[in-house]
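Undergrad: Going line by line, the protein sequences match chains U and Y.
Under our numbering, the first residue of the first sequence is numbered 1, with each subsequent residue one higher.
Under our numbering, the first residue of the second sequence is numbered 1001, with each subsequent residue one higher.
Please note that the accuracy of each hint is not assured.
[Unchecked claim] Restraint ranges, calculated between C-beta atoms of paired labels, are given here:
hint: 1; chain 1: U; residue 1: F66; chain 2: Y; residue 2: P1338; range: 47 to 57 Å
hint: 2; chain 1: U; residue 1: C295; chain 2: Y; residue 2: T1302; range: 32 to 42 Å
hint: 3; chain 1: Y; residue 1: A1064; chain 2: U; residue 2: I362; range: 30 to 40 Å
hint: 4; chain 1: U; residue 1: T9; chain 2: Y; residue 2: S1148; range: 34 to 44 Å
hint: 5; chain 1: Y; residue 1: S1346; chain 2: U; residue 2: D46; range: 39 to 49 Å
hint: 6; chain 1: Y; residue 1: H1163; chain 2: U; residue 2: L104; range: 21 to 31 Å
hint: 7; chain 1: Y; residue 1: S1346; chain 2: U; residue 2: K34; range: 46 to 56 Å
[Unchecked claim] Only pairs whose alpha carbons sit at most 27 Å apart, straight line, appear in this in silico BS3-like list of lysine-lysine:
hint: 8; chain 1: Y; residue 1: K1103; chain 2: U; residue 2: K400
hint: 9; chain 1: Y; residue 1: K1110; chain 2: U; residue 2: K208
hint: 10; chain 1: U; residue 1: K71; chain 2: Y; residue 2: K1189
hint: 11; chain 1: Y; residue 1: K1169; chain 2: U; residue 2: K71
Just so you know, the hints here were simulated from the structure itself, not pulled from any lab data.
Here the structure is a predicted model, which is why all the values come from computation and not from measurement.
Note that CB positions come from ideal geometry on N, CA and C, so glycine has one too.
Okay, here's what each chain looks like letter by letter:
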Amino acid sequence: MVFRKINSTDIYENLLNLKQITFEITDACNLKCKYCGYGDMYFGYDKRESKYMTFQQIKLLFEYLFVIWTKDRPASEIPNTYISFYGGEPLLNMNLIMAVVQYLEHQHINRNFVFSMTTNAVLLDRYMDYLVAHNFHLLISLDGDKAAQSYRSDISGRNSFDKVYKNVKILQNLYPAFFMNNVNFNSVLHNRNSVEGIMTFMKKEFNKRPSISELNTSGIKPDKLEKFEKTFRNKMESLMLSGNCKKISEELFLSDPRTHELLLFLFQYSGNYFKDYNSLFIDEENFTVTPTGTCTPFGKKMFVTVNGKILQCEKIDHSFALGSISEEGVLLDLNSVTENYNYYLEKMEVQCKSCKRKKSCIQCLYFIPCIAKKEKPVCPGFMGDTAFKYYAASCMDYLKEHPHLYAKIMNDVIME
Amino acid sequence: MKQVLTLFPDTFLWLKASAGLLYNAKTFISDGFNNTPVLKSLCSALLFVDNLYSIEIEPENLTAEETEFVDLIIRKKYGFITDHLEKAYSLPPILSIQNDIKKLENSPSKSFDENLLKYLTTLTIYTGGRFPGPSYYRQTYYPFHSESRLEDSEILNFFDHIHSRYIKKINIVFSHIESTNFLISLSGKLKAAAPKVVYYCHVRELSDNITSILTLLDVTTILICEYEPAALTALRDFLEYHKGQHPFEFNFLIRSQTEYNYWEHLVSQYEIKLYKYIPIYDNNYAFFNRFVFLNEEDITNTTLSKRIVFAHQAVNINFFGELILLPDGLVFSNVNKPPVGYMQDSPYDLIKNELHKNYAWRVIRDQEPCSECVYQWLCPSPGQYELILGKNNLCTIK
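Okay, chain U solo, but in the shape it has when bound (with noise of 0.2 Å):
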C-alpha cells in the first residue's frame, strides 16, 4: 500500500465524471428545527439570510461543466448525473427549480440528469405533479411519529408532524408507484425518538425503511454542548435498547453501525475484496491511496452553497470551500485545489503511516480539529496496535455471532 498525493487531473477526471451536484438553492426554511445543523447550535457555516440562489448562478456553473464534458470522454457512455436541490427548503425556491430542470432538459448533452430532493414535505402538496412528472428522487425528512417530530417545529413553534404526514399521505395515496420507487425518508435521532420506534413507525404508516442519522458531532458552540448531549442518542446505544434488537438489526443491515463496521473492516482486511476487475492486476503492496478516509475532491459530488461557495460536499466547514460562483463566472482553479488538498494530506501523513487503521479509514480531514491552522492537528480516529486489535477483535467477533452476514457482504453487496 503506498500513499500518494492527488494531482490536478484526478480533480479534472473527477468533474469529467462528476455524479452529482448539491445545489443550497436557499438558506430560508419554512421550519425551525431545534437541532438544525445551520441553527444557533452550530457553528461554521455562512450566516442564514434567507437568500436565494438565481438561476444565472447555475448557469455559469453548467456552461463551465459543459465544456469539459464534452471534451473528454467519461467512463461512462452516459453517465448519470444527480442534480439535488438541498436547502434550507428547497421547495421555498420552486421556480428556480424549474427553471434548472428546463434548462438541463434541453441541452444536447451526453448525460443522463437525474433530479433529486431533500425536503420537509411541508410545501409538498403544492409541488408534487410537478415532482412526480419530472421524476424526482425525494428524501423527506420526518422523525417518526408525533412526538418524535417535535423538534421539527414551525416559526410559530408549532409541531410539524400534522402537516408533513398528511402531504406525504397523499403522494403515498395519489401517486402509490414513485412513492414507492422514488421516496425515501431520513429521520434524524434523538431524545425524543428511537430507533425502535422510527422504524416501527415507517414500516407501518409508508411500508419504508429510512435512513436514521445522529445529530451532527461537530462545528457545536461550546456554550451549546450541555444542550446538544440532552438531545443527542447514539444510534447503537438506542438499537440495543430495542426490544426486538435482532430482527431489527437484519432490517438495517448496513444501516446498523456494526454491520456498516464489519463491511469496511471486511472489504479492507480480508484481501477478498476487489473494487473492480482492474484491480486485480495491482499487487497489495503497489495499491496506491490517499492519506486519511476523505474523498477526494468531486470524487463523490459537487455542492454549492447559496452564497455561490463551491465545496465538495455539504457535510463540511464552508471555509473549506474549494472555489465559487461570481458574476464573472466559475472561479475554480484546480492547481490550487490540489495544492490544499494536498497540503492537509501532508499535514496527516505521519500519523496516517503508522496508525493501524489506514487502510479503512472513515477519517474525513475536513473534521480533524486544526487541520487548516498552524498547529498540528491530531488525527481523533488515529489508532495503534492495540486500538486496533480491538477493533478488529470486536469485528470478528460480531461476524461470529453472524456468520451468515459474510456471504452476505461478500457476495450481495454493492456500494454507492
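Knowing the structure of chain U, use the given hints to seat chain Y on it.
TA: This is chain Y only, laid out in the frame that chain U set:
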C-alpha cells in the same frame, strides 16, 4: 474433548469428484488428497460459509483417514486446531468484486455500463502490409500480411476516435516498413496519448536507417526473431553492430528444441538481457507436449498469491483490457474469435460487446476438463494455444 479445526484465510480448499486440493497462497504449498466420502463430509463442513472455515472435532472419535487429514492441515500449516472455541474463525477466500458484471446486471440501482471505459487499457494495432509468411499473429505479436496497410492517418484517426484517459499501453505491430516517416510521425502522437508505446518489428525488416530511427524514438522496440535464414542474418548483423549495448528487446519464436538451443546460445554469446521465448505451434505437437504443456509438478510448483488465484477465477489475465485493430478495420478482443466491432464504432460499444459476448476478457478455466480438475485455478488463464490446438487445457493431467 471438543476442539475446533480452522483453515487459514490464505488456504484454498478445492473439491472435485474424486480429488481434493489444499493450497496455501502464502506459503505456496499444496497437497492433493482423495475426496473420499469421509473427507468429503469433513471438507464440505469446512466449506460451508457460515462456519467461517471452522468445524468442531473430537480427535478421539476421528477415523484414521480423518486424523491423517487433520494432521496434514496442521503439519503443513493449512490451518490450526484450538481448544478455545472463541478463537476459532477465519475468513474463507470468497472473491468479491464490487463492479462484477453479473452483480451489476442484477442490481436495480447500478448500471452495467458504469465506468466501462476504465477497462480498456491496451490498444494493439496491426499496420498490415506485405509480409508473406505464416499466420503467427494468431499466437503472438507478429506481422500481419495484407495487400493494403493502414495509413498513419487512419491509425491516428482510430486512436483519436477511441482515445481515453485510461489507455496505458499502445502496441503497434508493423509488417513491411516502407518508410521511416511512418515510424516517426506515429511515435510522437502516440507517446502523448499513452504512457507506454511499444513497436513490434520483425528483425527481417531492419535496415541501418530503420534501426537508427528506432533507436532515437522514445518508444520501446521489440524485435520479433524467427529461426529462418534471412531473419538470422539480419539479427546477427544487428547484434554484431550493437555488441554489448542492445537498444531493443527481443521476442524469440520457438518451434523446436533446435531453435531454443540456438536462441539460448545467442542470448549468452551477445549477453542479451531483455528477451522472451515465445513458443509457436506449427504442427509441432510433440514439441508442445514435451516443453509447453504443464505437468502436475509444474502446477504444484507455482507460487500464486491469493490475488492471482482470484484473478484466474474472474478474468483472463492474458487478454483482459486489450482491443486489437486489424488492417481491414475490424476490432477484436481476441484475433482467434469473431470481431467485437469496427474501427468506426464507439469504444463503449466495443467494450460492451466484449463484456456481453466474452470472447476473451473473462474467459476462464470453467470448461471441461479444467472445470473437473482440482488445479483449475492454479493453472494460468487460457491463452491462444488452446484455441489453435482446439483443446481447452494445456496440461498433461487430464
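Undergrad: Could you run down the list of hints and mark each one as holding or not?
TA: A quick look at each hint next to the structure:
{"no.": "1", "hint": "U:F66 - Y:P1338: 47 to 57 Å", "in the structure": "38 Å, violated"}
{"no.": "2", "hint": "U:C295 - Y:T1302: 32 to 42 Å", "in the structure": "39 Å, holds"}
{"no.": "3", "hint": "Y:A1064 - U:I362: 30 to 40 Å", "in the structure": "51 Å, violated"}
{"no.": "4", "hint": "U:T9 - Y:S1148: 34 to 44 Å", "in the structure": "38 Å, holds"}
{"no.": "5", "hint": "Y:S1346 - U:D46: 39 to 49 Å", "in the structure": "44 Å, holds"}
{"no.": "6", "hint": "Y:H1163 - U:L104: 21 to 31 Å", "in the structure": "27 Å, holds"}
{"no.": "7", "hint": "Y:S1346 - U:K34: 46 to 56 Å", "in the structure": "54 Å, holds"}
{"no.": "8", "hint": "Y:K1103 - U:K400", "in the structure": "26 Å, holds"}
{"no.": "9", "hint": "Y:K1110 - U:K208", "in the structure": "20 Å, holds"}
{"no.": "10", "hint": "U:K71 - Y:K1189", "in the structure": "18 Å, holds"}
{"no.": "11", "hint": "Y:K1169 - U:K71", "in the structure": "22 Å, holds"}
When the structure is compared with the earlier hints, violations turn up for hints 1, 3 and for no others.
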